[in-house]
Amino acid sequence: MHVPDGFIDGPVSLGAGVVAAAAIGVALRGSRRELGDEKVAPLAGLVAAFVFAVQMLNFPVAAGTSGHLLGGVLAAVLVGPWTGVLCVAVVLLVQLFFADGGLTAYGVNVTCMAVATALVGWLVFRLALVVLPRRPGSVVPAAFLAALVSVPAAALAFTGIYALGGTADIPLGTLAAAMVGVHVLIGIGEAVITALVVSSVLAVRPDLVHGARGLVAARREAALRSAVTA
Amino acid sequence: MSGGHAHGGHLPRDSPVHRLPPECKLLAAVAFLLVVVSTPRGWWPAYAGYAVLLAAVAGLARVPVGTVLRRTVVEVPFVLFAVAIPFVARGPRIEVLGLSVSRPGLESAGTILAKATLGVLTSILLVATTEQRALLAGLERLRLPPRLVQIAAFMLRYAEVIAAELRRMRIARESRCFRARSVRAWRPLAHAAGALFVRCYERGERVHLAMLSRGYTGTMPAGPGAAAAPRSWAAVAVLPAAAGLVLAAVGTVLR
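Going down the list, the protein sequences come from chains L and H. Using our numbering, count along the first sequence one by one with no gaps and you end on 230. Using our numbering, count along the second sequence one by one with no gaps and you end on 485.
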């Protein structure tokens, strides 16, 4: 759900806008490294269109209700963290054209849903890969954990912004508990779907999974070595 | 969140509002909303005044009120959230319809709803009077990084194509008697999402090659175009200025 206008006060909205602008600036530079300089616009554009479209895919939950993927961690694992931040930020920008999310709350939305989600998710993803065995398949549980943590992380980032510039006097403990509680549930769904999508891409085009790059190369090298020695 | 409206909300007309340069309208909308957002809690007459200003803009732009109101449904999930605020907020409690709610919480919820609605109405009017491509050009003229605007332009250009791809995959699934009823449907749906990603990425690579073959070097040849005339800036400044006047007037009356 997008934060609308008026939920966070003016100065903090502007402050979040500055944070978002800085993050987008860094992400533009990082994405150039991940995709290659003149490839950024078409590839990140198409991945953003993918994130936009995949949010329309409804996953049935129970009793006629359904949910959809948020896609921040999925994009980060598939195309790299900076391109992931960039794609979600662009999706949020275009959603403004559909009156989804407040114009003055764009910075808040980018900080929570693009920066917090993709960067916290990527950090968890890398940490998990350190612990898990070094093979391409490890990307799937790592993506699961990353997506699981990323959604409550976005909720916590929102609670933090609310603590600075919230306009209703809600006890922070209550807000944090409610936000994290609800988003842990959403995070479980996000984690399962993210892991399933990553595993399906890994099965057909392992070379396209940015998060598996070193691992796929390492496996190829190992296979080559054993073939040469045999 | 809202799905399935990749066509955008532009209503083609020939009105003074439609003719204004997009960057002027964008900045005016943001300035107007900053006034709205900075209005203190519970200043109801001010919110009413802002709504009247927006109604005047809608009238000037010849945008039907019914269309605007129908589009405010994007706000519904948030309304449910705002309704919870009076029950959890701090402060003296009062009885409303036999339920104990926080008085300042009720006021905050009303304020937040009013401001969020004004925000949604402003966005709807902005989008209804400005083409999406024009909005992107306006953003570029407002000095947003050209690369970011290019990505957004590619996304908008291909959103319909990708959504149609997704629709064809759904028809293919359903013609094989697939029905998404329970959690067990997640695996095939996730496979569809994975296939969609591969197709999107490969399409991106093809688009890139097509651009290279037409001499692309990292920048778009068109550029941001001419700057808006001072007259246009003066015209759009009326909206935030009027909102500021409403705020000042209500402030002197309420104090």
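Hints are computed from structural coordinates only; laboratory data are not their basis. The structure presented is a predicted model; accordingly, all values stated were derived computationally and were not measured. Here a beta-carbon is modelled for each residue, glycine too, at the ideal position from N, C-alpha and C. It cannot be assumed that every hint is accurate.
Residues from chain H that face chain L, not an exhaustive set, calculated with beta carbons under 10 angstroms [unchecked claim]: (1) Ala312; (2) Val357; (3) Arg371; (4) Arg429.
For the restraint on valine 357/H, tell me whether the closest CB of chain L is nearer than 10 angstroms. Cβ of valine 357/H sits 5 angstroms from chain L, so the hint holds.
Less than 10 angstroms between beta-carbons is the criterion; does arginine 429/H satisfy it with respect to chain L? Hint holds; arginine 429/H Cβ to chain L Cβ min 9 angstroms, cut 10 angstroms.
Q) Holds or violated: is the Cβ of arginine 371/H closer than 10 angstroms to a Cβ in chain L? A) violated, 15 angstroms
Hint validity - alanine 312/H Cβ closer than 10 angstroms to any chain L Cβ = holds, 9 angstroms
Comparing the model with each earlier hint shows a violation of hint 3 alone; every other hint is respected.
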